[in-house]
Structures are given as C-alpha cells and as structure tokens.
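Q: Chains as they are written, first to last, in full-length UniProt numbering: chain A, 1 to 523; chain B, 1 to 523.
FYI, nobody ran anything at the bench for these hints, they're computed from the structure. Watch out, some of these pointers could steer you wrong.
The list treats identical chains as one, so a pair stands whether inside a single copy or across any two.
To be verified - Straight-line alpha carbon distances no greater than 27 Å define the calculated DSSO-like cross-link-like pairs of lysine-lysine that follow: (1) K364 to K133; (2) K503 to K280; (3) K293 to K369; (4) K521 to K58; (5) K293 to K58; (6) K256 to K521; (7) K85 to K406; (8) K71 to K459; (9) K204 to K58; (10) K58 to K364; (11) K71 to K369; (12) K196 to K369; (13) K450 to K133; (14) K196 to K58; (15) K364 to K196; (16) K459 to K364; (17) K58 to K459; (18) K364 to K503.
Number of protein chains: 2
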Amino acid sequence: MQRAAALVRRGCSPRTPGPWGRSQSSAAAEASAVLKVRPERSPRERILTLESMNPQVKAVEYAVRGPIVLKAGEIELELQRGIKKPFTEVIRANIGDAQAMGQQPITFLRQVMALCTYPNLLNSPSFPEDAKKRARRILQACGGNSLGSYSASQGVNCIREDVAAYITRRDGGVPADPDNIYLTTGASDGISTILKILVSGGGKSRTGVMIPIPQYPLYSAVISELDAIQVNYYLDEENCWALNVNELRRAVREAKDHCDPKVLCIINPGNPTGQVQSRKCIEDVIHFAWEEKLFLLADEVYQDNVYSPDCRFHSFKKVLYEMGPEYSSNVELASFHSTSKGYMGECGYRGGYMEVINLHPEIKGQLVKLLSVRLCPPVSGQAAMDIVVNPPVPGEESFEQFSREKESVLGNLAKKAKLTEDLFNQVPGIHCNPLQGAMYAFPRIFIPAKAVEAAQAHKMAPDMFYCMKLLEETGICVVPGSGFGQREGTYHFRMTILPPVEKLKTVLQKVKDFHIKFLEKYA
Amino acid sequence: MQRAAALVRRGCSPRTPGPWGRSQSSAAAEASAVLKVRPERSPRERILTLESMNPQVKAVEYAVRGPIVLKAGEIELELQRGIKKPFTEVIRANIGDAQAMGQQPITFLRQVMALCTYPNLLNSPSFPEDAKKRARRILQACGGNSLGSYSASQGVNCIREDVAAYITRRDGGVPADPDNIYLTTGASDGISTILKILVSGGGKSRTGVMIPIPQYPLYSAVISELDAIQVNYYLDEENCWALNVNELRRAVREAKDHCDPKVLCIINPGNPTGQVQSRKCIEDVIHFAWEEKLFLLADEVYQDNVYSPDCRFHSFKKVLYEMGPEYSSNVELASFHSTSKGYMGECGYRGGYMEVINLHPEIKGQLVKLLSVRLCPPVSGQAAMDIVVNPPVPGEESFEQFSREKESVLGNLAKKAKLTEDLFNQVPGIHCNPLQGAMYAFPRIFIPAKAVEAAQAHKMAPDMFYCMKLLEETGICVVPGSGFGQREGTYHFRMTILPPVEKLKTVLQKVKDFHIKFLEKYA
Chain A
1 MQRAAALVRR
11 GCSPRTPGPW
21 GRSQSSAAAE
31 ASAVLKVRPE
41 RSPRERILTL
51 ESMNPQVKAV
61 EYAVRGPIVL
71 KAGEIELELQ
81 RGIKKPFTEV
91 IRANIGDAQA
101 MGQQPITFLR
111 QVMALCTYPN
121 LLNSPSFPED
131 AKKRARRILQ
141 ACGGNSLGSY
151 SASQGVNCIR
161 EDVAAYITRR
171 DGGVPADPDN
181 IYLTTGASDG
191 ISTILKILVS
201 GGGKSRTGVM
211 IPIPQYPLYS
221 AVISELDAIQ
231 VNYYLDEENC
241 WALNVNELRR
251 AVREAKDHCD
261 PKVLCIINPG
271 NPTGQVQSRK
281 CIEDVIHFAW
291 EEKLFLLADE
301 VYQDNVYSPD
311 CRFHSFKKVL
321 YEMGPEYSSN
331 VELASFHSTS
341 KGYMGECGYR
351 GGYMEVINLH
361 PEIKGQLVKL
371 LSVRLCPPVS
381 GQAAMDIVVN
391 PPVPGEESFE
401 QFSREKESVL
411 GNLAKKAKLT
421 EDLFNQVPGI
431 HCNPLQGAMY
441 AFPRIFIPAK
451 AVEAAQAHKM
461 APDMFYCMKL
471 LEETGICVVP
481 GSGFGQREGT
491 YHFRMTILPP
501 VEKLKTVLQK
511 VKDFHIKFLE
521 KYA
Chain B
1 MQRAAALVRR
11 GCSPRTPGPW
21 GRSQSSAAAE
31 ASAVLKVRPE
41 RSPRERILTL
51 ESMNPQVKAV
61 EYAVRGPIVL
71 KAGEIELELQ
81 RGIKKPFTEV
91 IRANIGDAQA
101 MGQQPITFLR
111 QVMALCTYPN
121 LLNSPSFPED
131 AKKRARRILQ
141 ACGGNSLGSY
151 SASQGVNCIR
161 EDVAAYITRR
171 DGGVPADPDN
181 IYLTTGASDG
191 ISTILKILVS
201 GGGKSRTGVM
211 IPIPQYPLYS
221 AVISELDAIQ
231 VNYYLDEENC
241 WALNVNELRR
251 AVREAKDHCD
261 PKVLCIINPG
271 NPTGQVQSRK
281 CIEDVIHFAW
291 EEKLFLLADE
301 VYQDNVYSPD
311 CRFHSFKKVL
321 YEMGPEYSSN
331 VELASFHSTS
341 KGYMGECGYR
351 GGYMEVINLH
361 PEIKGQLVKL
371 LSVRLCPPVS
381 GQAAMDIVVN
391 PPVPGEESFE
401 QFSREKESVL
411 GNLAKKAKLT
421 EDLFNQVPGI
431 HCNPLQGAMY
441 AFPRIFIPAK
451 AVEAAQAHKM
461 APDMFYCMKL
471 LEETGICVVP
481 GSGFGQREGT
491 YHFRMTILPP
501 VEKLKTVLQK
511 VKDFHIKFLE
521 KYA
C-alpha cells in the first residue's frame, strides 16, 4: 500500500481523440457563452492512470474473461465484417454459460418469474396453478408486493425459509436456520463479501487464504483486491484431482512463515477440475480446518452437477454435522450456491445464497451492515433462487414437465462429460481426468519445447500461446490453464462441455485436429 | 492496516446455542460412525470475531439501514405478536423505495420485462406491439436470446447504445459514446467500483475523496472499506443547501495536509438535501475540479426528480462540454444513473449505468477487467435500464398510457414535496429548506438541551435519540441526520416523501404532534 510517489501523476497520451473533437452541437456552443472557448489543446495529464490507480486492483487477473476472450470478440467482429477465416463462427467455450450455448430455460422457473414481473398474468389461464401459487407467495413477501421494491439486505424472508428447507432436505434432515441464509448477487458476491470481512492484519499477520490450484480465478482476484495473501494447495492431478490433506498441511506450514492462514477455500465439485470429493476427503478437510483453526469456505455451486455413477455430492455442512458436536458447534463454515449452474443455468439473473455456520452473532451483525451498503441483491435473482430450491413436487401440475426438462439437461451433461473425457484421451499428448462433476474439462496438454520457445518469443505463457493459436485457427475459445494455476511445467486448458452434443463432437474433433497439427509444427 | 495483535484470536461466547443442540437426525448419527462422537462442550474460540475481523469493514456505517431500521423491524414483530402500541403499523420512511410505499410499476416497463422473461408471451395478443419490439431487440442482443445468459461485463451492447442515445437527447445533442457506458448493479455498484480503482497510496499520499456533508452514506461506507480519506465539504443550509466553491477550496486546502485529494463527489439533485444545482454552480465546480486536478463523480440518480418550477436538471457532462475543449477533453468524469429512482422506482432490479468521460484507455481496460471478476450486472436489471432510457415515443401504441403514468407519479411527487416543506415549516422548532428535487425532506430540528442530555445518558446522538422516540411513539421510521453528517450542534432527520398523499399528510401531522410534545417534555 505504501507508494512514495503517489502524488506524482505521470501523463500518458490517450490513444483515442477527445470526443469533443468529433462534433460540437450548436446548443452547446451557445450555452458556453459564460466562459470563452479556449483554443483546443491536446489533453493534459490524466488523474487516473496505470501508475496512479489502486495497485491491488491493477494486480487482479481474471482469465475466464481475459485477453483470450477479448481476442475472441475481435475475431467475431472481423467475421461480421466479412473477413475470411478458416471457420465461420467463434465458439465461446471459455465460460459455463448454459443458455448462451442454447440450453433452454426451465419452463416453470420462467413462468413464475414472468408472473412475479407482471402480476396481471396471475389472471391468465395459460399459466399453471402451481406457478401462480409460487409467484403469489414470493410477491406477498416483497415490499408493496413487487419485485421492484428493495428487499431486506439479507434477502426476502420467505425465500430464505425456502432455502433453509431445501438444505435440510438435501442434507437428510440436518437442520438449517433461515437466519443463517444470506441471499447474494450470484455466488461470487457472497464469496467476496465474506472474504472482505475475514481479511485483516499487516505484515506477517496479514490474512492467508488457502485456495486450490487449479482454482476458479474469482478467488485469486478477490485476494488481490483485498491485499490478502494467497496460499496455494495443489490438487493431485495423478489422482483425479483429489484433495490430499498432507498437501494442505504442507501449504499451511509454509504459509505460517509469512502470513496468518485463516481461511480455507474448497471448490466441490471442482472448477476447473471437475472432481467430486469423497465423504472421507471432506471429513479429513474439516478435521484439518478444526485443528488449524481455519474458517472454511465451501463453494458448492455445482452440487447438482455430478455425473460419475461412483460419485455423490456431500455438502460440507452435512458432513460437519455428522462428525459430531465437537466439530458442528465449533468449525466456522460458509457455503455457497447459485442459480447459474446446475440444470437451470440462469447466470444472467445473478441469484445465489450463502449459508453460514457458527458465525459469531456480532459478525452476523457486521455482515448485514456491510450488505446493507449495497442495499440488497437483485430481487428477480432472489425469486429465481426460490424456484431452484422450491421446484414442483409430485402431484403438482408442473411436476412432470419440470422433471422431464431437468433430467434432459442433466442426462445430456453426463453424456457430454463422458464423451469429452473419452475423446480427449484418444488424442496423443492430451490427458484428461474423468469429469466427475461441474461443467468443464481441464485436460493436460503436452506442449513441445519449440512451442514453449515460440511462446516466450511472444511473451506469452505457453498454454496462452496454444489457446490463442487454437482460437485463431478454429474459432474455439478456451481458457489457458495458467489462468487457473497449475504445477510448473504442466499445461492445461479449461473448456466447458455445455455445447449441444453434436456441436460438442465437432468442437472436440477440431481440437484434436488442431492439437495434432500443433505437435507436428513444433516437433 | 497494521494490527500487531492480529494473531491473538479472542474468544467470545456466542449468544445463541449451537443449532446442533436442537435436533440430531438419525441419518446424521448413523453416518458419523467414522469418527466417534465426542461429549458436547461449549464452543471454543471463534476465528472470526469483532477483534479479528477486517477493521475497515468494522468502521463502516450505513445509517439508512442502521440501528433505527433494526428497531423498526423489532417493533413490527411485536405488533404482529399482538403487543399493543400507540400505533398500528410501522411506516418505513427511512428509504427511497417507491413501490414499497405503494407506487405502481410503469406498465410498459413490466410488460417488456415479462416478455423478455418468458418469450412465449411474444405470441400473446394481450401485449402491445411496441413492448414486443423492445423485448425482441433486447433478447436478440443476449447470449442464446435469453436473460439467463451472462452479458458482456460492461453490459449488453444494444442497451449501452440506447443509454448513449438517451444521454445525447437529454444533453441537447452533446454526443455520448456507448464505449463509455458501463451498465451496473444499481448506481451504488458503479460508484464503489470506480472509487475502488481510484484509491491508492499510503500515509500522507492516501487518496482523499471529497464528499458533501450531508452526504448519502454509501460514500462514507465505501471510503471506509477502501481505507481512503474522507474529505468533507459542507453544503450551505442557510442558502437552500447550495454548494459553495469557496467551501470546496477550504476543504481541499485543509485536506492536503494529510492526504492526496484526488476525487470530488457531487450528488445532484441532492440526497438527503434535495437541492438542485444551478448551471452556474456546476460550471464553478467543474472549473474547480479542473484547477485542482480532481476526478469528478456526479451522482445524478435523481435527474428525473426535479419539482421546483425555478429549477432544472443540468448534467455535469453537458455543462462540461459546453465549457469548451479545455475542459471537455481534460476533466475526468464519471456520472451515474439508476432504475431505482425517477418515476419508475424499480429498486429491486438493481439496474444502473455509469458514463465515463476522458477515462484513460488503459484504465478502461482495468475497469472491464475488474467488472469481469463479478461476471456481469443482472441482465434483468440491464433490461429495466433499457426501458428507462428508451420509453415509448409519440405514435407508439403504449405512449399515452406511459405518459399518463409517468406524469401521475412525477406530479404527485411535486405536490408532496411542496406539502412536506409547507407543513414542516409550520412546526415551531423545525425548519425545512425547499425540496427542489430528489425524494426526501431533510428538516433541521431543534433539540432542547435537556433532550441532548437525555440522549447522552443513553449514549446516543441527540438526533438518533429523537428518531428512536419518534419511532417508538408513532411508528414512523426516519433516519437521524448524524447518519448523513451535519454541522456540529445542528440536528436533522431524513424522511422520504414517497407515501401516498393522504398517508403523507397523516405522517407529517404525527411528526408535528410528536415534535411539539417532545419540546414540551424536554423544555
């Protein structure tokens, strides 16, 4: 934070001309009578420059929407302008955005949302009664019976009750308390809010935040913003990206030399790595957190996305309670869910929730205070979250269609997970662990020494170089492993499996052809 | 940031029993076979406590949803439980939440939103064609033609174009560039994002952020979160809360002793103070920012809320351009708008935009990077913003109804602004400046010395004491002036004028009766 030269504001010539140079309305000219118009000069020094800006923000990286995605946008514009490419469209496989990939919204969810948005529709015979019932319940809990009012900063009461009931069902009866539920603007908002509260200290007592490597780069970005210390623990690629507690021990031991490790982040099912943690592994992690006095963050947004028949999702909350009161009344845990993933894929609504366990009552007050500064999460996103946790049940009018739609999405995802794993593993120089869950493949790619040299000549990470070439030659946009972190000398990329089956097959074939050519070129 | 004792984690006994104590499911008991259940003990020390938490977050205050609002919630619960009070309902006049106060949504806006939410409705004859046209345009610009996809982090392209076209119309032809428009999660998000980028330095070169006193407490809260320095400039209460540039000069001069003043925040029309700045005043402010090399933040969310016949809204952007190229190609400005205020009052959708002027191209890149970490603003809020800036025009089917609804809301607000000012000024010991704009009264109240003593005995600010008494005796919830800042020795409260006319009259009468009784009691 110390910047001795902060007062020195270095000038930079902007690359674009001042907009005023383009057109000057006569109304404007007229009204400027009070001050005489001075001769036009080139812009003077800017106040806000790369040199003067917040250095912690400058240090933030976020690969999922980083340079490769900007390049993809440029290529799309070139295609629109008719510039010839070896492909006709850009396929944005960089992000888990189901509906952008053609997945249809769950009908029931959108019906309830439309009813909430425009309550006149409650009189329409073309909407089912169970959807109307849900909409009425949500609206009655909203100020002025409207999605347009602010909600409580913690979220609409009845939606928090529905979330708590969902968690209790999911966890086989382990109780959940609506007071421990905070509705959020997507899971990202919850994660960054709780981290914001947790981070403190300076020098050697700065807060260390343990994250998996590979990680979802929200974590590293928020850690950088908050000027906390990122403490890496490596997932075991040779063992299907499993989390090994010995590696946690190594990481925390080494971290204690230079910071105060206080938080342990877990992503289960894994992003970008797709592993689903065993119950035993979760128990070991909780025991470790208990021993080491770590605050647990469990990112469980892919809890509905488990495909391997041998795997099951276990929530940290449930395992914590099953371990007995020594743990369940001591270990501090925040877990996260979202409307964006699962089978509904409602990313745009920015709905989510956080459940906190054993949070000190005074900290709960601090949390509500902090949330209240941003007033409330989007109420439409809260409504979407309600439908996710409170879908039609057997006997209700919409149940059959809802179940069909849900099974179709999840069944297809399971098929695509297997297909992707199988196809990647047929390519020489690509190894792909089983996609047990989530919605990404994170294959390891062999990059020949000559390609590594070429990348260095372009001042690029070797896998960024690889992904740029893939984009330029095939139109397929994936994210280099370096954006998630990986063991040194290994290279990966993350690709979503969300495209429809036939399109996904084409994508995989194209990656295969590209990879073989790439190996030949740089052999 | 230096906290020598950060590693010392002080324990606190939680006030609530661990939830595990309440019920233990048999499934849970069964599954805990792996680890032996240890005897239950009282919880050990918490990791996250008031002592160990982020001190900057602890320092945050946000009065609009602070202790008085928590108390209001408690009283509501007591009323529900049948506890007798001298009133039958709590009136939440603490926040500008139009629809919670019974204002009906603008029909056209909700029709377009419903069509976007559930596109099957595009075939329904009960929706007007102009609403369908808007909905199709928005959907075509969304990934997968769905509000459920992530948008670009800067916002949906066509909505940014519509915002730019709106600004150009509003400002009499001064051009706006869609590249300078960033859609946000309400205005609060835009304001805190740009402040986050602006803040840097340590010690005497920490960033100073100038804010009006009284202010909207988002500003002080974000400044505290970011560990920046709050630099107060006082609005002139004797002169209808006008902004005086000499006071800006005083504030910046004094601030330079201990920080680097880099940002000047303006709220126009004023919140909580309701003044509308004259064109001359805006010109003076811009000249001052230019001289002092300050980055301007113009919070213009009440731009549609101007009631005094003598006042007009002038945007900072327009005045900046009218002042000629010396200013318009140099002064860095970010201005903010929102779906929450105006005549639509769609607070719950969390829609907003920020327009930046003269932002360095490299900083634009940094801004998009930072926004991309949170993926995108809620797409439904973006759609709501689109309708706000692109409403029906003459000749379109919905124009007449839209205009009627808009005029009705704004006409009523103007009436209520005058009514509130007049009634408050009839009360001895209350003085209220004209409510030229926005949606609040911020009357000055006389608090007798005996009441000040009584407040001190309760360890409360005198106006907090006053507002608590008002709440307890009348059910009316307003926010003490100390939550916004005020000159020492003066006392105020903020009350929204949003209740329907008849209800507002009752509220004002109750405040009057309370105030007279209060003066008598503490005479």
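Q: Hint by hint, say whether it matches the structure.
A: Checked hints:
Taking CA atoms no more than 27 Å apart as the test, K364 paired with K133 passes in neither setting, with 32 Å inside one copy and 46 Å between copies. When the C-alpha separation of K503 and K280 is checked against a cutoff of 27 Å, the pair qualifies neither within a copy, at 38 Å, nor between copies, at 61 Å. Taking CA atoms no more than 27 Å apart as the test, K293 paired with K369 passes inside one copy only; the shortest distance there is 25 Å, against 34 Å between copies. In this assembly of identical chains, the alpha carbons of K521 and K58 never lie at most 27 Å apart, being 36 Å within a copy and 58 Å across copies at closest.
Taking the shortest Cα distances, K293 and K58 sit within 27 Å of each other only across copies (22 Å), while inside one copy they are farther apart (32 Å). In this assembly of identical chains, the alpha carbons of K256 and K521 never lie at most 27 Å apart, being 46 Å within a copy and 61 Å across copies at closest. For the homomeric pair K85 and K406, neither the shortest alpha-carbon distance inside one copy (37 Å) nor that between copies (50 Å) is at most 27 Å. For the homomeric pair K71 and K459, the shortest alpha-carbon distance inside one copy (16 Å) is at most 27 Å, but the shortest distance between copies (59 Å) is not.
In this homomeric assembly, K204 and K58 come within 27 Å of each other (Cα to Cα) both inside a single copy, at 23 Å, and across copies, at 21 Å. Taking the closest pair of Cα atoms, K58 and K364 come within 27 Å of each other only across two copies (12 Å); inside a single copy the shortest separation is 31 Å, beyond that limit. In this homomeric assembly, K71 and K369 come within 27 Å of each other (Cα to Cα) only across copies, at 14 Å, whereas the closest approach inside a single copy is 40 Å. In this assembly of identical chains, K196 and K369 lie within 27 Å of each other by CA distance both inside one copy and across copies; the values are 13 Å within and 19 Å between.
With identical chains, the CA atoms of K450 and K133 are never at most 27 Å apart, being 64 Å at best within one copy and 54 Å at best between copies. For the homomeric pair K196 and K58, the shortest alpha-carbon distances inside one copy (18 Å) and between copies (11 Å) are both at most 27 Å. For a Cα distance limit of 27 Å, the shortest separation of K364 from K196 qualifies both inside one copy, at 13 Å, and across copies, at 25 Å. In this homomeric assembly, K459 and K364 come within 27 Å of each other (Cα to Cα) only across copies, at 23 Å, whereas the closest approach inside a single copy is 46 Å.
In the homo-oligomer, the alpha carbons of K58 and K459 lie at most 27 Å apart inside one protomer (19 Å), although the nearest pairing across protomers, at 43 Å, exceeds that limit. With identical chains, the CA atoms of K364 and K503 are never at most 27 Å apart, being 47 Å at best within one copy and 35 Å at best between copies.
Hints 1, 2, 4, 6, 7, 13, 18 from the earlier list are contradicted by this structure; the remaining hints agree with it.
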